[in-house]
Every structure is written in structure tokens, then in C-alpha cells.
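A.B. asks: Per the numbering used here, the sequence shown runs over residues 1 to 292.
Be a bit skeptical, because a hint or two may be false.
[To be verified] Taking lysine to aspartate or glutamate pairs in the EDC-like style, the calculated list, with each CA pair at most 16 Å apart, reads: (1) K285 with E195; (2) K285 with D214; (3) K192 with D288; (4) K285 with D229.
Honestly, the hints are just simulated from the structure, not real lab data.
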Amino acid sequence: MKPAIAMIGAGTMGSAIGSRLLDEGCALSFFDVAEQAGADLIERGGIRAASPAEAARDADFVFISLNSADIVERAVFGENGAAMSGSADKLLIDMSSIDPGRTAQLAERLKDECGMGWVDAPLSGGAPAAKEGRMTLMLGGSKADVARAEPVLALISARRTHLGAAGAGQTVKLVNQILCAGHFLIVAEAVKFAESQGIDATQIPGALAGGRADSAILQEFMAKMAKRDFTPTGRIDNMLKDLETVQSSSFSTRTAMPVTGLITELHRMLVAGGLGPADSAEYMKLFDLGRE
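When you get a sec, could you build the whole thing from the sequences and use the hints?
C.D. replies: Put into C-alpha cells, the structure is as follows:
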């Protein structure tokens, strides 16, 4: 029998994860502050709840997909938060990308208040990978809690790595974001260079497949960028949020990150220019300035 799931947050990623779980036969109750969010989940059999507490009431696993540690804290511990329905036989799985230190604090608080375990499970792969069950997950939490989460996480992901205590998954997600953010920008820059030399950049992923420059981002995004296909798969402002968390963490340990610093400032330029909600392919607009 498939588990009952609560999904707190039904934005792009939350809806994609929820859709996959419904396709796998799980019962799903969800909550989002935006009334229009989750319409696709209702069409697939999901039930909209009036609060995180209501969504979590009959759930075995409470999934969270939200944009910041403050929002996660309110969803769990605020008025009618998920913790009100928490118990030792339930498990919270946070798939948000938030600060590792805050994650450890929130996990300890949840355990103290209601005995409920916490697994941080930030993801890589975006909404398309979530819908197809091929995400990569970076896991933090106790061995026992991660083992409990394994069967349900296997429904939505192709690779899962337990990296340590609560917060460890979030730390490795920040490493992922450092690598992805730089790669998105350099692929966009490479597209522009190819175009300036009269090369059809949509042919480059195939030409470079299997070589040392090959990557998932190259294969998924170079042709998309060359075609100026801005179909939403992820948000630039979410990447900036994660890069700012990297900066904060690196300041606290006096870790020099000059390249990531430049990448972060370029993201700030894009967000300041109104591209915060835009898809990652719209990094091209940074290089298309002045284009006829």
C-alpha cells in the first residue's frame, strides 16, 4: 500500500513532485497560500487542504517545497502549522533549498515538540526530472529517518545520497548550485560566441556529447538558449537566493570564493533587471543586450 502524502507548497517544484507521487498511486493532500496553485494536482486526484496542519493530519510523510527558511518555519511551526499534526510515526521531508544551519535548528525543534523526524532532501534536476522520477537528492538526517524516507523518495528520484546529519543535504545542495549557476552562465556565453562566428549552436550539444565539456546542463539548455526558448523550468531569483546563502556561509568561515562572487553579482543584475521569475534559459538576455 502506497503512503499518504502531505505536500506543503504547490509551486513549480511542489506541483511536479506531487504529480509524480499521485502517478505512483499515493494519496495526496496539499496546501499552498496561493489559491490558484495546485490546480493540476486536483485534476490528478489531489485534495486541497485549508492549512498545513490539515494537510498533514492523515499523512505518513509531510513533504515541503518552499522558498526560504522563514517560510518553512512558518509552515511547520506557525499558526495551523504542520507540527500541530506531528507525531513520532510521521516524517517531514523538506525538499526546499534553505540554510543548512537553520535546517539543523528546525529539525531539532520539531523532534523536541512532537517527536517527528526531519530529513532535508534538496534536489537537483528541476521540474522535468521531478515529474519523471529521475531527480538527484542530497539527504541530511539520522540514519533511521533517512531509511524510513527511502521507499517514498525512491518513487521520485533516481539517485539519493545520505551525507550526514540534518543540514548536510542542504550544504551539498549549495555546492550543486555553485556548479550549476556558473555552468548556466558559461553555456549562455558559449552560445553567444558560437552565434557570433556563424555557428548553429543547436548542433553543439550533439557535437560535444561524450567529451570532457559534456554535461546535463549543456545537453538540456544549450539548444534551449540558442532557440531563445524560455519555457519555465526554474527561476533565476531562486538561484540567487541560494548563491546568497553560499556567500553568507563562506563569510562565516572566511572562505574565499571569487568566481562564485562574480556569478552572484551577475545574478543580482538579472534579478534587478526584472528577470527574477524568469527561466534559467533567460540568462541569454545578459548576452543579448544591444542585439538587433
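A.B. asks: So which of those numbered hints doesn't the model satisfy?
C.D. replies: Violated hint: only 2; rest satisfied.
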